[in-house]
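Protein chains: 2
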Amino acid sequence: MIEPLTAVLQAIDNNREDALERLFQLLRFPSISTDPAYKQDCRATAERCVATLGEMGFRADLCETSGHPMVVGHDRPADVEGKLHVLFYGHYDVQPPEPLELWTTPPFEPRLDFEPENGEVIIARGAGDNKGHFSTFLEALRAWKLAAELPIVVTVLLEGEEESGSHSLPEFLDRHGKEITCDVTFICDVVQWDKDTPAIIVRLRGIVGLEIVLTGPSRNLDSGQYGGPALNPIRTLVHVVADLHDADGRVTIPGFYDGIVQPSPGEKKQRAALNFDASAFLGEIGLTVAAGEEGYSALEQLWERPTCAFNGITGGYQGVGSNAVIPSKASAKISCRLVPGQDSKKVLASLRTFIQSRVPQDCKVEFRETEGRSHTAFCIDPQSPYLKSAAEALKEEWARAPVLMGSGRAVPIVPELNRTLGMDRLPVRFGLDDDRIHSPNEKFNLRNFQKGARSWARIIDRLARLS
Amino acid sequence: MIEPLTAVLQAIDNNREDALERLFQLLRFPSISTDPAYKQDCRATAERCVATLGEMGFRADLCETSGHPMVVGHDRPADVEGKLHVLFYGHYDVQPPEPLELWTTPPFEPRLDFEPENGEVIIARGAGDNKGHFSTFLEALRAWKLAAELPIVVTVLLEGEEESGSHSLPEFLDRHGKEITCDVTFICDVVQWDKDTPAIIVRLRGIVGLEIVLTGPSRNLDSGQYGGPALNPIRTLVHVVADLHDADGRVTIPGFYDGIVQPSPGEKKQRAALNFDASAFLGEIGLTVAAGEEGYSALEQLWERPTCAFNGITGGYQGVGSNAVIPSKASAKISCRLVPGQDSKKVLASLRTFIQSRVPQDCKVEFRETEGRSHTAFCIDPQSPYLKSAAEALKEEWARAPVLMGSGRAVPIVPELNRTLGMDRLPVRFGLDDDRIHSPNEKFNLRNFQKGARSWARIIDRLARLS
Chain A
1 MIEPLTAVLQ AIDNNREDAL ERLFQLLRFP SISTDPAYKQ DCRATAERCV ATLGEMGFRA
61 DLCETSGHPM VVGHDRPADV EGKLHVLFYG HYDVQPPEPL ELWTTPPFEP RLDFEPENGE
121 VIIARGAGDN KGHFSTFLEA LRAWKLAAEL PIVVTVLLEG EEESGSHSLP EFLDRHGKEI
181 TCDVTFICDV VQWDKDTPAI IVRLRGIVGL EIVLTGPSRN LDSGQYGGPA LNPIRTLVHV
241 VADLHDADGR VTIPGFYDGI VQPSPGEKKQ RAALNFDASA FLGEIGLTVA AGEEGYSALE
301 QLWERPTCAF NGITGGYQGV GSNAVIPSKA SAKISCRLVP GQDSKKVLAS LRTFIQSRVP
361 QDCKVEFRET EGRSHTAFCI DPQSPYLKSA AEALKEEWAR APVLMGSGRA VPIVPELNRT
421 LGMDRLPVRF GLDDDRIHSP NEKFNLRNFQ KGARSWARII DRLARLS
Chain B
1 MIEPLTAVLQ AIDNNREDAL ERLFQLLRFP SISTDPAYKQ DCRATAERCV ATLGEMGFRA
61 DLCETSGHPM VVGHDRPADV EGKLHVLFYG HYDVQPPEPL ELWTTPPFEP RLDFEPENGE
121 VIIARGAGDN KGHFSTFLEA LRAWKLAAEL PIVVTVLLEG EEESGSHSLP EFLDRHGKEI
181 TCDVTFICDV VQWDKDTPAI IVRLRGIVGL EIVLTGPSRN LDSGQYGGPA LNPIRTLVHV
241 VADLHDADGR VTIPGFYDGI VQPSPGEKKQ RAALNFDASA FLGEIGLTVA AGEEGYSALE
301 QLWERPTCAF NGITGGYQGV GSNAVIPSKA SAKISCRLVP GQDSKKVLAS LRTFIQSRVP
361 QDCKVEFRET EGRSHTAFCI DPQSPYLKSA AEALKEEWAR APVLMGSGRA VPIVPELNRT
421 LGMDRLPVRF GLDDDRIHSP NEKFNLRNFQ KGARSWARII DRLARLS
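First to last, the protein sequences are chains A and B. So in the working numbering, spot 216 of the first sequence is number 216, and the numbers just go up one at a time. So in the working numbering, spot 362 of the second sequence is number 362, and the numbers just go up one at a time.
Don't read these hints as lab results, they were simulated from the structure. The beta carbon of each residue, even a glycine, is placed where N, CA and C say it ideally should be. A couple of the hints might just be wrong.
[Claimed, not checked] Beta-carbon label-pair distances, calculated as ranges:
| hint | chain 1 | residue 1 | chain 2 | residue 2 | range |
| --- | --- | --- | --- | --- | --- |
| 1 | B | E369 | A | D277 | 36 to 46 angstroms |
| 2 | A | P360 | B | K268 | 25 to 35 angstroms |
| 3 | A | S350 | B | T197 | 25 to 35 angstroms |
| 4 | A | T353 | B | E369 | 32 to 42 angstroms |
[Stated by the list, open to error] Derived contacts from chain B toward chain A, CB cut-off under 8 angstroms, selection only:
| hint | residue |
| --- | --- |
| 5 | S279 |
| 6 | Q318 |
| 7 | A330 |
| 8 | L404 |
[Said to hold, decoys possible] Part of the chain B face toward chain A, derived, beta carbon under 10 angstroms:
| hint | residue |
| --- | --- |
| 9 | I234 |
| 10 | T236 |
| 11 | S335 |
Start from the sequences, fold in the hints, and give me the full structure.
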């Protein structure tokens, strides 16, 4: 008798064409969650996902929320006693495809293409983020059920609002949290280290954001008639926000760096061994040297250091040419990327005080907090048995140990699961940095799609041994 | 035999209704020079002005330019020998009337209204700026020709691009300069001191402008993926431009204050005697204290001090809510109001060097100069005989000596006449600060319209005595 895993991997390899056709069907749905015009398309996509899970033998439901529905599927073997319960998370919504003129073929007509550096690639909006990615675990689960029997208890959660702020996630988790509570969650929505090296995210930065609106004069003024004695809110704004960083790029908000959990010596050693090519990383975006915080490498800054960044600034005349106006208002959108140990509430309160204390009497300050976009940072215990199992399984498939990496991007589900359910979460993904995520001609390498499914099959096998 | 001036003033008073009807006809033309859709309306307005001057007995022509046409009229009495030659300048174009919803009646359907604080007012776009104003000297000239004989040689110049940058003015002056060269120019396009006190502008600030565009990364970046090591051009911009002022509000551009012509003791004394109510001036725009340069009063700053002001700032996400982007570009529009003695070219060059020297290697700087919007400052010799004549005439009409004031606003014709023709220029006006110039429901007090014409009649009489 052959090993179940061998049969599962065989099934995956034998069903490659069907798997690709299933992904193509999913990619044809324009499930753009940010645009109300696509509300019905989002629902249709969710219904398609429910049907797919049903075909696979899952008990699947569409769960209504105040926004787009959630898809929840369960597979409970007859004998659940002592079996590990695992949640797989993905999202069926996609970013808007604009600008359309930059797509070589329509974004919702998936196709295979050949790129010399990548081999065969799947081109479509959502090919990578996230339909292609979550299809890797769906195909692994399908193969397990076809060729053997699932050795773990599985719940699948597919969200429909990841690209539009996950607004319904807290309400859903409050209502259905118990139903989806598991021992461990796998999230397939972060990047692989490189083409041949898998990755597990062990550190994820959080984020808090604030918009500052300053009002000086009660209306826009002609700078000839009023320039000099009239307070100019742009001048106030640039003075106040320029103070947020010192000459070394350190953030000057009092208490900003308090409580930061430093990476372990093991993490530092592994990071150093990666020989990260900062010049190539920056060169790709037209830069030559790491800006930001003096004394920290690019990778340290990305994985382990918090930032305070200006995401937008606006004031006065925005058109072509000149208009000698003294504006009534000026505003800036600021967000701080947080690392484990920072208290997001304290950071936000200290930022407000910092601004307020620097604004003169004649200038009104209004703070707008960006609700639902605030996430705390997260890190995985390096001793986690789930982390070890997943790392071993990935090493078997890729013949390379996965990189245990940090990521700057916030993934809303991660802190939400922590807040409401207190579960361990392991983000694993098979996408690449050059997948043109959120950009025209988004792609997913066919090899990564196929090896991704095989990786999950192996992870499931390893996890079952923990039971 | 009665004095000619008495007959002229009588004629003005007797023809008030006709004068108002002539102004109303002019106000019905939507001569919006900034919008190409109104090109024909601008030309029709110019043709109307030519016809009006013709009716008055002037030799009048429409002069083509590469933009909207100029109107030029001449009145040369048979015996010109020894007579003073005076140029009267106005402009027939108006600002766009938007936002239309804030007008109580359509902007190009002039009407009389009653306002408790102002008495009867003429409401229309252009009622004040500048159709109403230049009609005051047209009516004075008409009355002189009707009741007596013009005792001076007169040229009238009505421009069609004052509100859109006076782009064709240099080309027109190069071509027709000789034809309009006079002993002195009167410009009716600045504000009166208060309801009962006329004014002559003896100092006018100039302006130079620059747009600074910084480019950091080659594209917009996700702050999660790149935040930290990637240069953020908004952060660079706010640091660089915050340096333009020190803690006391002084401009730090090297050489900025070089060569400034200080006001004479007489000017200072008169300014102090005005008891300018800075609190009321600032209170009207929602402010309580004079910002700007420490150690200078609001009026000193407005009339005699240069400024460096931010007219616009833009970068990153401009929409509602948050978007954690690190933008590729950030820009600021800066303009400096100049006072007599400052060298506009040196100021601009020093500003560019100031910016350039503070921008790091990975940030590209592009400077956009706003052509045609650069004007040097101007001041009138306090001993000018024309100034004295105009002041005496205004005192006779208003029973108050005119305030010899400074103004922060640039009037393009002023430095242009200086550059090309070297003529003395005296801006005189009968508009008020509350005339809602450039705003909805623009108005001109009927009393100012009528007393304005009478004032010009007296000024002409006084000037003739200088011949």
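Here is how each hint holds up against the structure:
1. B:E369 with A:D277: 36 to 46 angstroms: holds, 40 angstroms
2. A:P360 with B:K268: 25 to 35 angstroms: holds, 28 angstroms
3. A:S350 with B:T197: 25 to 35 angstroms: For B:T197 against A:S350, whose Cβ atoms are near 53 angstroms apart, the range 25 to 35 angstroms is violated.
4. A:T353 with B:E369: 32 to 42 angstroms: At roughly 41 angstroms between Cβ atoms, B:E369 and A:T353 fall inside 32 to 42 angstroms, so the hint holds.
5. S279: Violated. Min distance 11 angstroms.
6. Q318: holds, 6 angstroms
7. A330: holds, 7 angstroms
8. L404: violated, 18 angstroms
9. I234: holds, 4 angstroms
10. T236: Since the shortest Cβ distance to chain A is 9 angstroms, the answer is holds.
11. S335: Because about 5 angstroms separates B:S335 from the closest Cβ in chain A, which is inside the 10 angstroms limit, the hint holds.
Violation of the numbered hints given earlier is confined to hints 3, 5 and 8; the remaining hints are satisfied by the structure.
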